[in-house]
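Those protein sequences? They're chains A and B, same order as listed.
Residue 69 in our numbering sits at position 69 of the first sequence, and the numbers go up by one each step.
Heads up: take any position in the second sequence, counting from 1, add 113, and you land on our numbering.
Derived by calculation from the structure, the hints in this document are not laboratory data.
Glycine is no exception: its CB is placed at the ideal position from the N, C-alpha and C atoms.
Treat the hints with caution; some may be incorrect.
[As the list claims (entries may be wrong)] If you want a taste of the chain B side facing chain A, the calculated C-beta under 10 Å gives, among others: (1) G116; (2) T144; (3) F173.
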Amino acid sequence: QQQVKQSPQSLIVQKGGISIINCAYENTAFDYFPWYQQFPGKGPALLIAIRPDVSEKKEGRFTISFNKSAKQFSLHIMDSQPGDSATYFCAASFPGSWGKLQFGAGTQVVVTP
Amino acid sequence: DAGVTQSPTHLIKTRGQQVTLRCSPKSGHDTVSWYQQALGQGPQFIFQYYEEEERQRGNFPDRFSGHQFPNYSSELNVNALLLGDSALYLCASSVLRGMVTDTQYFGPGTRLTVL
C-alpha cells in the first residue's frame, strides 16, 4: 500500500515556466515532508523540506505548499531552467520511525529551452 | 568533506548468488539506511542501522540482511538473488537525535543486475 501518492508521472515545461508537482498522503502521523531531486545515475539529493506547523516554505526558486486538512503538499519550481530537468520525489516520515522515509513514485520533469 | 560513498558502482550477478554492497556514511553521521530503487520507481526502505543494530525494517524478506561496523560504515547482503532484486541500491546517512533522524544524505547507489 503506497502511503504517498505523487502526480503527475511526468511533466514538460518551457524555460521560465512553473513546474508543479503534487503529493497526497494517508498517514496523519507523518510530520516531515522532504522533496528530493535525482539526476540520472545519481542518488537523490534533498531539495527542500517542510513540517506541518507551517503552510509554505520557500528556498530560492523552490516552494513547498502544505495543506494539512487535505493531506496534500506540493512543490513549485519557479522560473524553471533546463538544469532543473530531473526526477523529483516527495517523501514523508513520522515520529519514532527512526527517519524511515516513504517515497512517492516520482515525477520526471523536462524543461525545454 | 566526502559525502556518502558506495561500492561497487555496478554489479552483475546470476540468480541464486549472494551479493554484498558497501556504504561509508558522511563524516559525522552515525546512522545508515538502505533503500531499493527499482527502475522508474521511488526508493523503498529496506532497513536502518544505528549503533551496530538494525533499528527499523521495511517490508523485505530475510534474504536481505545488513551490518554496521564501529566506524559507522555498513554492508547490505542479499542471498539467493532473484531477477526481481535487480535495482539501484541506495545508502543514506544521517545523524540520530532521539528517535528522529536529521536530513538523510544519499550516496550515488550501486546498480545491481541479476541475470
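Among all the numbered hints in the text so far, which are the ones the structure does not match? 3
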